[in-house]
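As given, the protein sequences belong to chains D and F, one line each in that order.
Heads up: take any position in the first sequence, counting from 1, add 660, and you land on the numbering used here.
Heads up: take any position in the second sequence, counting from 1, add 660, and you land on the numbering used here.
Heads up, a few of these hints could be off.
Because identical chains share one entry, a pair is satisfied inside a single copy or across any pair of copies.
[Claimed, not checked] DSSO-like, lysine-lysine: derived pairs with alpha carbons at most 30 Å apart:
| # | residue 1 | residue 2 |
| --- | --- | --- |
| 1 | K788 | K708 |
| 2 | K697 | K830 |
| 3 | K998 | K795 |
| 4 | K889 | K866 |
| 5 | K889 | K998 |
| 6 | K834 | K866 |
Keep in mind the hints are simulated off the structure, nothing from the lab.
Treat the numbers as computed from the prediction; the structure is a model and nothing was measured.
2 protein chains.
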Amino acid sequence: MHMTTAATPSTLRRLNRRSVIQYLLDVPAVSRAELAKAIGTSPVTAGKIVDELTAEHVLETVDAAPETKSVGRPGQLFRLDATRPRFLAVQLGVTHTRAGLTTLGFRQQDTWDVQFDTPQSADEWAEKLQKTAGKLLNAKLWGILISTPGIVDQNAQRVIFSPNLHWSEKQDFKALLRPLHSAPAFLIQEIQALALGEMVSRPEVKDFLLVDFSHGLGGAAVIGGQLLKTVMPFNCELGHTRVLGNDRICGCGAVGCVETLVSRRGLFQSISTGRGQYQWEKVVKHIQDNGLEHWLKTALTAAADAIGSALNVLGLQNVTLTGSISDLPTAVATYLIKEIENATLSGRFGTVHVRTSPRNRVRGLIKAGLEAIVLGGDLRSR
Amino acid sequence: MHMTTAATPSTLRRLNRRSVIQYLLDVPAVSRAELAKAIGTSPVTAGKIVDELTAEHVLETVDAAPETKSVGRPGQLFRLDATRPRFLAVQLGVTHTRAGLTTLGFRQQDTWDVQFDTPQSADEWAEKLQKTAGKLLNAKLWGILISTPGIVDQNAQRVIFSPNLHWSEKQDFKALLRPLHSAPAFLIQEIQALALGEMVSRPEVKDFLLVDFSHGLGGAAVIGGQLLKTVMPFNCELGHTRVLGNDRICGCGAVGCVETLVSRRGLFQSISTGRGQYQWEKVVKHIQDNGLEHWLKTALTAAADAIGSALNVLGLQNVTLTGSISDLPTAVATYLIKEIENATLSGRFGTVHVRTSPRNRVRGLIKAGLEAIVLGGDLRSR
DNA sequence: ACTATTATTAAATAAAGTTTATAAATGAGC
DNA sequence: GCTCATTTATAAACTTTATTTAATAATAGT
Chain D
661 MHMTTAATPS
671 TLRRLNRRSV
681 IQYLLDVPAV
691 SRAELAKAIG
701 TSPVTAGKIV
711 DELTAEHVLE
721 TVDAAPETKS
731 VGRPGQLFRL
741 DATRPRFLAV
751 QLGVTHTRAG
761 LTTLGFRQQD
771 TWDVQFDTPQ
781 SADEWAEKLQ
791 KTAGKLLNAK
801 LWGILISTPG
811 IVDQNAQRVI
821 FSPNLHWSEK
831 QDFKALLRPL
841 HSAPAFLIQE
851 IQALALGEMV
861 SRPEVKDFLL
871 VDFSHGLGGA
881 AVIGGQLLKT
891 VMPFNCELGH
901 TRVLGNDRIC
911 GCGAVGCVET
921 LVSRRGLFQS
931 ISTGRGQYQW
941 EKVVKHIQDN
951 GLEHWLKTAL
961 TAAADAIGSA
971 LNVLGLQNVT
981 LTGSISDLPT
991 AVATYLIKEI
1001 ENATLSGRFG
1011 TVHVRTSPRN
1021 RVRGLIKAGL
1031 EAIVLGGDLR
1041 SR
Chain F
661 MHMTTAATPS
671 TLRRLNRRSV
681 IQYLLDVPAV
691 SRAELAKAIG
701 TSPVTAGKIV
711 DELTAEHVLE
721 TVDAAPETKS
731 VGRPGQLFRL
741 DATRPRFLAV
751 QLGVTHTRAG
761 LTTLGFRQQD
771 TWDVQFDTPQ
781 SADEWAEKLQ
791 KTAGKLLNAK
801 LWGILISTPG
811 IVDQNAQRVI
821 FSPNLHWSEK
831 QDFKALLRPL
841 HSAPAFLIQE
851 IQALALGEMV
861 SRPEVKDFLL
871 VDFSHGLGGA
881 AVIGGQLLKT
891 VMPFNCELGH
901 TRVLGNDRIC
911 GCGAVGCVET
921 LVSRRGLFQS
931 ISTGRGQYQW
941 EKVVKHIQDN
951 GLEHWLKTAL
961 TAAADAIGSA
971 LNVLGLQNVT
981 LTGSISDLPT
991 AVATYLIKEI
1001 ENATLSGRFG
1011 TVHVRTSPRN
1021 RVRGLIKAGL
1031 EAIVLGGDLR
1041 SR
């Protein structure tokens, strides 16, 4: 009956603890009794798990009274701890890196404490991160969560391939960041983090494809409330679908990838008749001024085909678009959405819903971090 | 300590029982001790589960001695019961229907006891099935497993859409077959059954896309040893990818689907300059005589593109081709395989493996049946 | 016949769940 | 303000299932 420091709970308990945490990722706060119904255990068990997780500071009590005006004893509400910083969330971006402390219960839009230009080598990067974010770290942190672009092998915790950030390939980030903090570092593929973020910010939608426009064109699928995890180090590779008649050379080494048309630099290349340094603002300005020119329509249609074929294969009807497409005039997204609807056959048996949405990278990282660190390991008999 | 008739085991026990059954779907026979290592429980627990399942006649002992020549007491081997017929496996095909009794431990190639032409209505079908297979049924059966083409909603146990077998749409097969037998009927989408069959006959391959050529072009993906189950009533829709320049009308209502080129009837249409009744044998003969004509190459390339894009999206590198492609000269499959390898980008990070394989429909149905009936329900806390 | 090895069974123990009963907190009705 | 119904929380007893440990059984090789 004494406080065990770190006794691994049995499989069944782990399963139930996971249910609790996942439920609380979706819902702001919950009472023991409500939780019991939600996860399908007896109130006693639910109560015990809540007590355990509260003792571990994974949950915390909510002072505010429950909002529902009903008879009976009101339940004590609990939520994921939103007081103690537990993770350092890091966005390793192609052009810049951001980092910020975050709690388990964070429910806002992305915020970052520090930012710097991403340097050209791993050591410089670690050093800059140390210099800027080092003072944020404290002994209570549970992990450093790194969102990275490219093709990531989540099992091996390695970046396999990253055309825009070659130095990250094969890096051992855990070792690289060990000097910063004793807490373990975790790599999470950027688009997958965004998909997880979309999951927690729209828990009612259990099946969707997230498509992010940025330096590439990435996708990640959520099916039945589960992120689709392929064993090969790809997710839903959308960016490298070949487009007929496109002879641009892609960072991946191939020719004609759709990514070379709709990525930020791809769009810039399309508008820049003269020379001129890459500037995303110029792209935005040009499209604002010139509207949907033919080249842009072609690029969007190609992207829509890639997305539509992914929808067909995965049997999905919901698409969330994030990233740089939101910077462009709404006519661009509107055109793309129409083209996606045309490109899929799902529409025959229902409606394809496409929407744009802000990125929820931090919340996605937290969800991944909770999975990896708090719940940990696979669930076998114990 | 007395024999409970049908007490539902707890979640943990269900989990472990499932591990045992799934292990024995992969492996012909196993001893208690070996099983304990395989499923990760103590030998005691593994032994108890084996005893339980044997008492329920899910497992049976194997008389033959273990083949391994090692010192020490050899273990008693167990396998899935291959003595008592437990399922009536039914293949509801577009042109004909087949049915046969099968045990849980069946490990051979597909065999069927009865066969008849699929009639034009549900009632006639049930009647014919009763007439031909009725005498096979006995009280000990656990279920009737029906493999159906088209788009199947496995949760609702309904065929949503079946262009070649319209009468099956919306049918309540459970009710339709109630007069035949008290055991429950289960619908399993045909391609998914084949994918499950491929899983059990090649347990070492945990990730692949199964593509079946028949009256349509269907796909089903297995990722990490799990059949990909989409919530929308599609699986990997390959057949209805639109092909530029193809103006054939598809059974699905759209124009230009790749299925209209590579389905049996599609191929027939391509060779039949004159009129003439559809006959698959004529297609085979024509291609044997004329080899890879231009129209055929075009059709195969279109199919390869659809398959390749599915591989990209799903991050798969293994493809198994089944069905009518095996009837054609090997040059056809060879050409298709080469085209698939060209169409995917997975090849960049490894090799794409494509192979043809005979269908394992019955074993796939058994695997699905075991999941649905013996293991049953979802695994929540109990 | 003896030994080493592996397999199985039995008993004791621990973990985690459920059911049942009771206590606590609140709104509603009087 | 008091009582009652309703809901939530917790305590106690019991059940299921797994584990550990020890004892026993079976076999191959010496």
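Cross-check of the supplied hints:
no. : hint        : verdict
1   : K788 / K708 : neither (44 Å within a copy, 57 Å between copies)
2   : K697 / K830 : neither (45 Å within a copy, 33 Å between copies)
3   : K998 / K795 : neither (48 Å within a copy, 56 Å between copies)
4   : K889 / K866 : both (15 Å within a copy, 13 Å between copies)
5   : K889 / K998 : both (29 Å within a copy, 27 Å between copies)
6   : K834 / K866 : between (32 Å within a copy, 28 Å between copies)
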